[in-house]
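Trainee: One line per chain: the protein sequences are X and U, in this order. Numbering follows the numbering used here, with no gaps: position 88 of the first sequence is 88. Numbering follows the numbering used here, with no gaps: position 62 of the second sequence is 62.
Quick caveat, the hints were computed from the structure, so don't treat them as lab data. Just so you know, nobody snuck in bad clues.
The calculated lysine-lysine pairs, modelled on DSS-like cross-linking and capped at a C-alpha distance of 30 angstroms, are:
id, chain 1, residue 1, chain 2, residue 2
1, X, K17, X, K3
2, U, K153, X, K114
3, U, K69, X, K106
4, U, K123, X, K114
5, X, K114, U, K156
6, X, K114, U, K45
7, U, K149, X, K114
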Amino acid sequence: MSKLKLMESRIKELQEKYWAGETSLAEEAELKAYFKKNPSLTMEGRYWNALKAKQTQTPPKAFKHPSANWRSRWSVAAAITVGLIAAVLVIQDARSQREFVVEDPKEAYEITRKALLMVSSGLNEGKTYSKEIGNINKAKEIISEEK
Amino acid sequence: MKKLFVTITILVASVVTYAQGTVVNKYFNQLAGDDKFTKVSISSKMFSLFTELEAGSEAEEEFLKAISKLKGLKIIASDSIGNAAKMYTQALKDVDAAGYDELMSVQDAEENMRFSIKESGGKIEELLMVVGGKKRFVLLSLYGEIDLKNISKIAKGMNVGGLENLSKIDAGN
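Here chain X stands alone, though its shape is the one from the complex (with noise of 0.2 angstroms):
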């Protein structure tokens, strides 16, 4: 038997002995500088402890009414099912157009000069256009000041 359980089970002899009114006075003084030297083993030490371990312990989850928590059950699948579509639409589109992109960075490169010529003259005609356009309303302008 360890030294602490032996020391244990003499307090707890002495106590017995003690509310018999059995204990000898130095028995007594014996039990006093125990419980002064373990002060949480006493009646108080025990009410304290017992009242720190409630101020720590969490609370108990608040009431929920059962048809909140279905509720969010069916959104979060709501939401599951949404992100799945979406991916898999994100997945098909994406297979769909691998085939068509040049691997080729030569290749690549001409046909990107090609459209971005293309582009470019097509913006370019836009201009001349809104010029030639500018250029009639300047000859409308100066017809009608001439009448």
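Given the coordinates of chain X, work out where chain U should sit on it, guided by the hints.
Mentor: Only chain U this time, still in chain X's reference frame:
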């Protein structure tokens, strides 16, 4: 509930980001099996490769400058379809429905052409070009950071005009 809201917001945001190039993607999917159309897609990875190239001439330098901030190019084109005019009209409807802003339209006896853009924070992030002729239909989408000034300089630098260049594009598919 808050978590759900955040999830939905993220989902919507990712779909919106993905929606870049919606019109051209739609046509890619629609015409995937149609051999009459040439379909080309150039990835952002390829564009990042281009930035490492060295310019040989001034015109080329201008070109590399214009494409330095691009992230993608997609083209669907055909020179031999009967319903080109109808496709052009439908494409314009789709472009409008997808929320693009019209930049300019050019119409002449042979062809119609329209440029539309999608802006974000004052910057053009996508330029769409739709061309419709008698037998010709082109839908081109450029995305990334687009500088119209730089792009319009390209043709001037190379002294080339006209739209016939596209017919020379052959992606090999």
